[in-house]
Every structure is written in C-alpha cells, then in structure tokens.
Amino acid sequence: MAADSFDFPAALAKALADPQIAGNFKSALGGLRGKRLALFADPAELARLRATGKALKGRTLSRLPELLVQLEANCTRNGIRVHWAETTEEANRIVLSILRAHGADTVVKGKSMVSEEMGLNHFLEEHGVTPVETDLGEFIIQLAHQPPSHITAPALHMNRKQVAELFSKCIPDTPYTEDVLELNAIARRVLREKFRTAKAGLSGVNFAVAETGSLVLVENEGNGRMSTHCPDVHIALMGLEKVVEKLEHLPPLMRLLTGSATGQLLSTYVNVVSGPRGPHELDGPREVHLVILDNGRSNMFQDAELSGSLRCIRCGACLNNCPVYSRLGGHAYGSVYPGPIGSVITPQMEGLDAKGDLSFASSLCGACEEVCPVMIPLARHLRRIRSECEAAPGQGLVRGRGAKRCAVKTLGWRLWAFVERRPWLRERLLALAARLTGRWTPAVGPLAAWSQARTLPKLARKSLRQRVREEGVRHG
Amino acid sequence: MNRPSPAGKVLLFGTCLADAVFPDAGMASIRLLENCGFQVAYPLEQGCCGQPAYNSGFPDEARAVALAQVKAFAGSDAPVVVPSGSCAGMLRHHYPALFEGRPELFEVLAFSARVREFCEFLAEAAPTLPDSGPPVRAVWHSSCHALRETGSTPAAKALLRALPGVELVELAREWECCGFGGTFSVKRPEISAAMVRDKVEDVLAARADVLLTADCGCLLNITSAAQRMGRPVRGMHVAEFLWERVSGTASTQQPATRAGEANHGR
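Heads up: the sequence lines are chains A and B, in that order.
Residue 192 in UniProt numbering is what sits at position 192 of the first sequence, and the numbering runs on without skipping anything.
Residue 126 in UniProt numbering is what sits at position 126 of the second sequence, and the numbering runs on without skipping anything.
Think of the hints as simulated: they come from the structure by calculation, not from any bench.
Mixed in with the good hints there might be a few duds.
DSSO-like, lysine-lysine: derived pairs with alpha carbons at most 30 Å apart [what the hints assert, rightly or not]: (1) B:K187 x A:K404; (2) B:K71 x A:K26; (3) A:K199 x A:K26; (4) B:K187 x A:K14; (5) A:K409 x B:K187; (6) B:K71 x A:K35; (7) A:K409 x B:K9; (8) A:K462 x B:K9; (9) B:K71 x A:K169; (10) B:K157 x A:K26; (11) B:K71 x A:K462; (12) A:K26 x B:K9; (13) A:K14 x A:K169; (14) A:K14 x A:K409; (15) B:K187 x A:K35.
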C-alpha cells in the first residue's frame with residue numbers, strides 16, 4: 001500500500017458518506033459483539049482468562065529472543081526450514097525464491113495478515129506467480145481487487161448481494177444467485193480445483209510453539225488445512241511475536257482468540273503443522289518453510305511501554321467494539337491493520353510521518369481496552385503515539401518522532417497550561433470573552449470544527465468560581 | 001434522609017466545563033452534599049484536570065496543570081468529589097501514570113487516592129433522597145470514563161431509581177461513546193459528528209422527558225448536536241436534576257413545554 005500518498009481526511013469523508021458501510025458494519029459488528037458476550041457470560045471467568053492470556057503472552061515477550069531461537073532449533077529438528085526476514089521486501093523475496101525453486105506458478109493461500117502486511121499478492125503477480133486466496137472472505141475481496149477491511153472478517157464490508165454480483169461477473173459460467181449455500185458451493189468448486197493442482201500452499205500462523213517446533217493454525221472453513229496439506233510445498237508466514245512457549249499454553253489462548261473474534265468456544269479446525277510428510281505418511285507437504293518477519297517488531301519490543309502491543313493475538317475484538325471503526329470500516333484507515341490495534345501498530349511499522357494521524361482517530365473511550373483478550377492498554381498506547389507525534393523531533397524508538405509537531409499548536413498548549421495554572425486569569429479571560437461575544441463562543445479555531453455539527457457553547461452568565469464566592473460556599 | 005454521621009469535610013473539584021458553561025451543575029453538587037450533612041469547600045486555586053493536553057499528546061503541559069490541581073487540594077485529607085466521570089478518571093487513574101518515575105509521584109498518589117466520583121460518593125452517603133418532583137421519564141447517558149474507569153454508572157442509576165417520581169429508561173447503545181472525547185471532537189470532527197448524531201437518535205428514540213448524565217462534556221456534545229439537528233433534547237447534569245427534586249424546585253410544568261430548550265449555557 002502506498003503509505004506516502006495516503007490522504008486520511010479524504011478517506012474518512014468517503015467512508016462516512018457511504019451508506020453501505022454504515023449499514024453493513026453496524027449489523028455485522030453487532031452480531032459479533034453479541035456472540036462474544038454470550039460466550040463470555042461469566043465476568044469472573046472472563047477476567048481470569050484475560051489475566052491468564054496477558055500473563056502468557058507477557059511472559060513469552062519477556063523471553064522473546066530466547067524463545068525464537070528455541071523455535072528455530074525445534075522447527076529445524078522437525079524438518080521445517082526457517083527463514084528470517086527483517087523487512088517485508090526480504091520476506092517477499094524469500095517466498096518467491098521458494099516458489100521458483102519448485103516451479104510453482106500458482107500458490108494457494110490460507111488467511112495471513114502478515115502476507116497483507118508484505119503486499120505479497122501484488123509482489124507475486126509482478127513476478128509471474130498467481131496467488132489464490134482460499135479463505136472465503138479473502139477469496140471474495142481478491143475477486144473485487146480490494147484489501148481486507150477487518151482482521152478476521154476481511155469481506156465484512158460486503159453484503160450478500162454484492163458477493164452475488166461479484167461471483168456472477170468474475171467467475172465464468174456462474175449464474176446470479178443470492179443463496180448463501182450456493183455461493184459457498186461455487187467458491188468451493190473453484191477452490192477445490194486450485195488445491196488439487198497447485199504446487200505450493202501458503203498460510204499464516206496463529207501460534208508457533210517453541211517447545212515443540214509446531215505451527216498452529218486456527219480456521220473455520222477447512223481451506224487452511226487444504227492449503228497446508230494438499231500442495232507439495234507449504235510456506236508459513238509469521239510475525240515474530242507469534243511464538244508461545246509451550247503446547248500446554250494453547251488452550252487458554254485459543255479460547256480467548258476464537259471467543260473474542262467470533263464467539264466460538266473453539267474454531268472448526270485447529271491445524272498443527274509439525275513438519276513435512278514422514279517417509280511412511282500418505283499426505284502432507286513434502287517441504288515446510290517458516291518465514292519469520294520482523295518489520296519493525298523488534299523495535300516495538302525495545303520500547304518498554306509499547307511492547308505491550310506485541311501481545312496482540314489478532315482476534316479483531318477491538319475493531320468489533322470500536323465506535324470509530326464501526327462507522328468507517330477498515331479501508332478508511334489506509335493500512336493493513338485497521339481499528340484501535342492498527343492505530344497503535346501501524347504508526348510504529350510505517351512511521352509517524354506516514355501514519356501518525358491514525359492515533360488521533362479515537363475518542364479514547366476505552367471500549368477496545370475493555371474487550372482486549374490479552375489486556376493491551378490500547379488507549380494508553382494511542383496517547384503515547386500521540387505524544388511521540390507532538391514531541392520535539394529527535395532520536396526516539398518510534399520512527400518519525402515529532403512528525404506532527406507544529407509551532408502554533410505547541411504554543412497554543414503552552415498558553416493553555418499557563419492560563420489553567422492561574423484560575424484568576426482564567427476567570428478574567430472568560431468574563432472578557434463573554435462580554436465581547438455576548439456569551440456565545442465564536443466559531444473560530446477549534447470551535448469552527450465543533451460548530452459543523454453542533455451549536456456553539458454559550459458561556460455562563462457567572463462562572464462557578466464567581467458563584468461559589470457570591471453564594472457563600474467555603475473556598476479558603 | 002440517610003445522613004452519614006459524623007458529617008465530614010468534602011472538597012469539590014468543579015471541573016473547568018462546569019465553571020465556564022454549567023455552573024448550575026457545580027452549585028447543585030455543592031448543595032446536595034451540604035444537604036447530606038457535609039461541609040463543602042471549593043478551593044479557588046483549582047482549574048482544569050489536564051486531560052485535554054494529556055489526550056492530545058502534550059504530557060508536559062498536562063503534568064504542569066495536573067500538579068497545580070494537586071497543590072490546590074493539598075493540606076487536607078478530605079475526599080475530593082468530582083461531578084464528572086471523565087475528570088474523576090483523570091485525577092484518580094491517570095495522574096499516577098502521568099507522574100510515574102517523578103519526584104512528585106507520592107504526593108500525586110496521595111491526592112489520587114482521595115478522589116471520588118460524585119454519584120458514587122453521594123450514593124454511599126445518601127442512597128435514598130427525598131423526591132418532591134413531578135413524575136418524569138429520564139434517559140441516562142453514561143460517559144465512557146464513568147462506565148469504564150470510575151465504574152460509577154451503577155451508583156448513578158441506583159440514585160435515580162430510588163426516586164419515586166422518576167422512571168429511568170436506558171439507552172439502546174449505552175456502552176457506545178457519544179463522540180465527544182474532548183479534543184477528539186475538534187481534531188476529527190467528521191467522525192465525532194457521525195457518532196454524536198447516532199447518539200442523539202438513540203436519545204430521541206428513548207422518548208424521555210430529560211437526558212441525564214454526570215459529565216458536562218457529553219451533555220454539551222449531545223444537546224448542542226441535537227439542537228443543530230433541529231431536534232432539541234432537554235439535558236441536565238444529574239446533580240442539578242437531583243437537587244431540583246430534593247429541594248422542591250423541579251419544574252411542575254409539563255415536560256413538553258421545556259422540550260425545546262437545550263439546557264446549557266444559562
């Protein structure tokens with residue numbers, strides 16, 4: 001995605017003017033929220049589970065380098081070839097070279113947000129390889145040439161009618177139908193043929209177990225299983241934060257992931273890939289590769305505070321509960337990861353100059369924090385990114401420190417602080433403003449934006465301070 | 001009335017928005033607490049809690065203003081009562097974070113520990129208030145911070161439910177932010193406007209005579225958006241509403257006659 005050319009206000013205006021977004025998102029997200037609430041009906045149990053999730057991921061992060069080394073050793077022992085990529089460019093090259101080595105001109109893909117982060121599909125197409133998305137949501141948006149608009153439900157922004165139109169237009173010999181079962185059957189028919197013929201498959205990783213060298217994939221449609229087992233070569237992509245210490249840590253994490261994302265106790269399929277096909281086994285890939293991507297993550301890891309965002313298990317619950325996301329949809333954020341978590345990690349990955357604005361796309365209402373299964377302090381992180389945006393430029397762990405700083409704004413806040421520390425001065429300024437404007441605050445500066453959707457505030461005849469003095473309240 | 005005894009001293013943190021726009025809410029808070037037997041004082045050295053700067057990426061400025069509040073309320077161990085979930089959340093939960101690793105931390109922690117949200121404090125001191133007002137249907141809006149930081153929403157609702165003349169209705173999406181978010185409403189006005197418009201629709205759908213909240217920011221946001229939409233909502237800070245009913249000054253007019261009045265800036 002072209003980070004530099006991203007125009008956030010324009011994207012916002014477009015999203016807010018789209019009645020389809022308002023309709024589709026509100027009902028879909030309401031459904032997801034309801035399912036999550038129904039599953040986690042006992043607040044005490046949920047609190048315990050979240051504390052466990054936070055502790056498990058936190059412990060993993062505290063030993064991250066060591067666990068990654070252990071993961072590599074155990075994967076290698078299992079016959080999985082491990083590759084390290086510092087940048088998305090490097091990761092793309094690694095994937096391409098593996099595909100080329102096997103003469104694969106098509107690759108079937110299970111769902112992977114890291115591959116979106118890499119812009120992998122675009123890169124492969126440019127190099128003559130056809131990526132085929134096999135997750136139903138990803139399959140739909142690939143046909144529509146769109147990026148995902150949600151972390152776990154990529155085609156959330158489209159309704160049945162739009163999918164029906166897309167299928168009849170883009171898939172040969174497909175009559176128009178809005179029947180969900182039939183639409184499913186059409187996708188299945190197309191995809192089964194791809195699974196059968198593709199030489200290589202690719203997937204994401206939900207958890208990589210250091211102790212056993214296993215890659216764990218959570219999915220509902222069976223396409224993940226097909227992508228990882230039918231073709232001869234399986235390439236798994238993961239961000240380096242996906243490592244967990246032990247197999248026995250999975251049940252609570254998995255429960256939190258599926259419960260927070262879709263309200264499921266457990267997903268339909270949980271695939272555990274522990275290596276290529278053995279000598280006497282009948283199925284499975286003959287070669288398994290694991291690409292471990294950094295892309296700014298080790299930088300986040302260095303920051304004592306913001307490293308909390310590496311606990312994220314990509315459930316999307318913060319999106320489902322965010323009043324801003326529900327009105328904008330994912331595309332308006334102009335980044336792979338939308339919503340609250342995206343507004344925290346994207347500025348760290350792509351720099352504050354390109355994506356620092358995202359941190360201001362939140363009222364800091366805290367709904368995201370309230371549902372985050374691993375208790376990431378999202379509001380606190382957003383505030384921190386904002387202060388990085390406004391800080392004096394200089395060396396900092398977050399790239400582009402001070403990118404949004406401007407002299408007028410900084411001076412404005414300094415003046416504000418000066419006045420707020422001198423209540424007598426504030427009182428006089430308010431009285432003066434009231435006299436000059438007839439108590440209506442003028443639509444200038446920040447209040448101009450306020451007045452677009454609201455009438456302007458009217459200053460009181462007498463301030464509380466004044467009334468306290470006049471009406472005999474102790475104030476000494 | 002269920003008066004706590006012995007009567008103690010209480011300091012009111014009035015909030016900057018009550019000071020400038022809603023002084024009635026501040027005065028009502030004081031009168032209600034006095035009515036419960038407390039000796040209420042309002043330190044004149046107080047100002048804004050600092051949240052606007054804190055949330056806008058200016059922690060140094062926020063700290064300077066925060067420290068001025070800590071000093072304004074020093075020299076006493078009396079509770080600091082705040083008629084705002086948002087400001088109370090800032091004073092109680094965010095001040096300690098703001099001063100982490102600084103020499104003032106312990107002074108700040110001692111201050112933060114004294115902070116109580118108004119409804120929470122009142123519900124403990126006087127769980128049932130006398131009600132001399134006419135029957136009224138009220139809808140409750142909770143600020144995000146009252147809901148998620150101070151946890152004072154149940155206390156506010158309990159106070160209202162205990163009034164015989166008040167029928168309390170709940171908003172369709174009570175958990176959702178009204179879109180104010182302090183500087184968010186001017187920094188990202190387009191998103192904020194979409195949020196507050198939906199909130200106004202929800203409030204109107206509740207068909208209440210009055211909208212109640214414990215936060216002047218939300219009150220200002222919702223009522224002025226409703227007014228701009230040409231569908232005014234009568235809104236009041238909960239302290240003002242309670243004081244009118246306790247003191248017998250609640251309007252006996254048919255609520256409809258006051259429906260056109262956005263209740264701010266008097």
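For each hint, the structure was consulted:
no., hint, in the structure
1, B:K187 x A:K404, "13 Å, holds"
2, B:K71 x A:K26, "46 Å, violated"
3, A:K199 x A:K26, "40 Å, violated"
4, B:K187 x A:K14, "17 Å, holds"
5, A:K409 x B:K187, "12 Å, holds"
6, B:K71 x A:K35, "48 Å, violated"
7, A:K409 x B:K9, "40 Å, violated"
8, A:K462 x B:K9, "26 Å, holds"
9, B:K71 x A:K169, "69 Å, violated"
10, B:K157 x A:K26, "27 Å, holds"
11, B:K71 x A:K462, "25 Å, holds"
12, A:K26 x B:K9, "48 Å, violated"
13, A:K14 x A:K169, "25 Å, holds"
14, A:K14 x A:K409, "27 Å, holds"
15, B:K187 x A:K35, "33 Å, violated"
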